[in-house]
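Dock chain Y against chain Z, hints included.
Given next are the chains, with one letter for each unit.
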Amino acid sequence: MSQNESTQSSGSGEEQPQNSGREVARRVFARELEDATFTFKESDDERAPVYLLLPTGEKANRLFIAGTLTEVNDVGSEDEYLQARIVGPTGTFFAYAGKYQPEAASFLRQAQTPCYVAMTGKPRTYDSDDGETLVSLRPEQINEVDEATRTKWVLETADQTIDRIEADEPSDQCNQLVNEHYPNVDLPAYKEAVITAIQSTMDAESESEGEQINPEIVDETQPSAEAGSGVK
Amino acid sequence: MVVGDTMTTPNTNKDAGELASELVEELSDHAELSKDEIEQQISKLANQYSMPVKEAHRSVRNNLMEKYDIGDGDVDLGNQEVLVGEINQDEQWVDVTVKVDQLWEPKSDSVGQVGLVGDESGKTKFISWAKSDVPELEEGKSYKLTNVVTDEYQGDYSIKLNKTSGVNPIDEDVEIGENKETMSGAIVDLQKGSGLIERCPEDGCTRVLRNGRCSEHGDVDGVDDIRIKAVLDTGLSTQVVIFNAEATEEITDISLSDAIEMARAEMERSVVADEIREKIVGQYYEITGPMLGEYLLANEFEQTPQTHDAEAVLAKARSI
Chain Z
0 MSQNESTQSS GSGEEQPQNS GREVARRVFA RELEDATFTF KESDDERAPV
50 YLLLPTGEKA NRLFIAGTLT EVNDVGSEDE YLQARIVGPT GTFFAYAGKY
100 QPEAASFLRQ AQTPCYVAMT GKPRTYDSDD GETLVSLRPE QINEVDEATR
150 TKWVLETADQ TIDRIEADEP SDQCNQLVNE HYPNVDLPAY KEAVITAIQS
200 TMDAESESEG EQINPEIVDE TQPSAEAGSG VK
Chain Y
0 MVVGDTMTTP NTNKDAGELA SELVEELSDH AELSKDEIEQ QISKLANQYS
50 MPVKEAHRSV RNNLMEKYDI GDGDVDLGNQ EVLVGEINQD EQWVDVTVKV
100 DQLWEPKSDS VGQVGLVGDE SGKTKFISWA KSDVPELEEG KSYKLTNVVT
150 DEYQGDYSIK LNKTSGVNPI DEDVEIGENK ETMSGAIVDL QKGSGLIERC
200 PEDGCTRVLR NGRCSEHGDV DGVDDIRIKA VLDTGLSTQV VIFNAEATEE
250 ITDISLSDAI EMARAEMERS VVADEIREKI VGQYYEITGP MLGEYLLANE
300 FEQTPQTHDA EAVLAKARSI
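Here the protein sequences come in this chain order: Z and Y. Just so you know, we're using numbering that gives the first Met the number 0 here: the first sequence kicks off at 0 and counts up by one. Just so you know, we're using numbering that gives the first Met the number 0 here: the second sequence kicks off at 0 and counts up by one.
Extracted from the complex, chain Z is given alone in its bound form (with noise of 0.2 Å):
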């Protein structure tokens, strides 16, 4: 209810009948949102929401993934404050909860890794010491899933991730917006990134018949590994 978006009408005609004036979760592969470091808002109310340019082409002001929560981490000095490493089939992605987020650290603390979850998170970009700009999510709420749900993620994630590729609308501010902030933008590594996460599911579709899978740990280096099989 806070945020109420009154004066973010600049952009040019997108599609933008969203219920309520409620931010949309995007779907977006850990390959795509690695790449994604330069944030904006649409007018100068300090209220206003930030969105990150993702490099496809869309503002993204909350996300919604899932994958496998690999590991948690105590990260903080004096209150806790939990790093917890999401992995898909395109890489991982990092989300932080302090004790402003208790449920979903409350959620952390207990979660029996491996595990596949869902998550709805804001996206925070974050400067290292060496000037890298990283990106990690901050959770709003998130779950325990099972493998249907997962695939189904990477599937609709897979395809709404084709779509912003395809649609270049140049007059579109947020293709304006990646021209000025990504000129070195690599659209094909992300269409590579797609097929690579759907072609995960299938691996595991054809050897996970007739059995209970139960997602495996992985390196993260290597992360199209993880269709693989592991069973308890």
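Just so you know, these hints were derived from the structure itself, not from any lab. Just so you know, these numbers come straight off a predicted model, no measurement behind them.
Within a straight-line C-alpha distance of at most 20 Å, the following computed SDA-like cross-link-like pairs (lysine to any residue) qualify:
(1) Y:315 x Z:201
(2) Y:278 x Z:143
(3) Y:315 x Z:167
(4) Y:315 x Z:194
(5) Y:191 x Z:139
(6) Y:315 x Z:188
(7) Y:162 x Y:110
(8) Z:190 x Y:311
(9) Y:315 x Z:198
(10) Z:121 x Y:236
(11) Z:190 x Y:307
(12) Z:121 x Y:233
(13) Y:191 x Z:20
(14) Y:34 x Y:54
(15) Z:190 x Y:315
(16) Y:228 x Z:139
(17) Y:191 x Z:102
(18) Z:121 x Y:190
(19) Y:228 x Z:102
(20) Z:121 x Y:235
(21) Y:13 x Y:48
(22) Y:315 x Z:185
(23) Z:190 x Y:319
(24) Y:278 x Z:110
Covered by chain Z, per the in silico footprint, the following chain Y stretches (three or more residues, Cβ under 8 Å):
(25) 184-196
(26) 232-239
(27) 273-284
(28) 312-318
Going by beta-carbon spacing under 8 Å, a handful of chain Y positions derived as facing chain Z:
(29) 303
(30) 307
(31) 309
Cβ coordinates follow ideal geometry from the N, Cα and C atoms, glycine included.
Relative to the frame of chain Z, chain Y by itself:
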């Protein structure tokens, strides 16, 4: 399901004989025609000018309509008969079989009649212009309306009756269904006012209490109820969905009495919403029901619907 309507769009597979029979039948109210004669005319035209039988039929039909002075509105033109809920294109000529749900006071002299008509798929607005001289519709009566034109305004569709439209009262009482929407997405959040709630007991009020107070009736003894207000998110748009007590029990396995028991055991009503959150947030659903203001009322739902086929998405990815 509808009135005895033998006339459909002429099918290319039909031969001259079939088309001729249909034409005789179609124009039977206006002219006594011989099937053989018509068939001959169609065949002759088709052979002589080697045109498709369908085209020959069309031509013969037009000639007959002119000869017997039959107006377009007088016969079924073979438009597609649609349900009002199926209308999703502007400026389509269609036929509908509907009951008049409401008539409104026209706000302008140029409007003959305006109101709502409906069929099993829901309701839609209709309008007829004063200058078109369309026969008047009566509230509560059912009609077959032929040759009406669809119209779109800000995503809402309506139908317009025009000079050529046919208004044919029918005996059947058309039942009007609810306008249903179907949306598929992930539940990404639960809103306040979900779980075990209290409603105002005053007659006809049912407002949800906040801290035991009704905004209309003040401090009252609330009546327990259970419901869910959840945000369904497609990745491109969001929709708040409401599950009433029955739907809540169906989706979460938590009945009102379970919820009261849970709250009592924990001495905390919010445990019910927490439990609901754990069961549905992060899950995909396809939800169908009527729109109630800005809310989608969840009448039916399916968990993790298979809306994406891996092979198909892969083919799409490779095609770019």
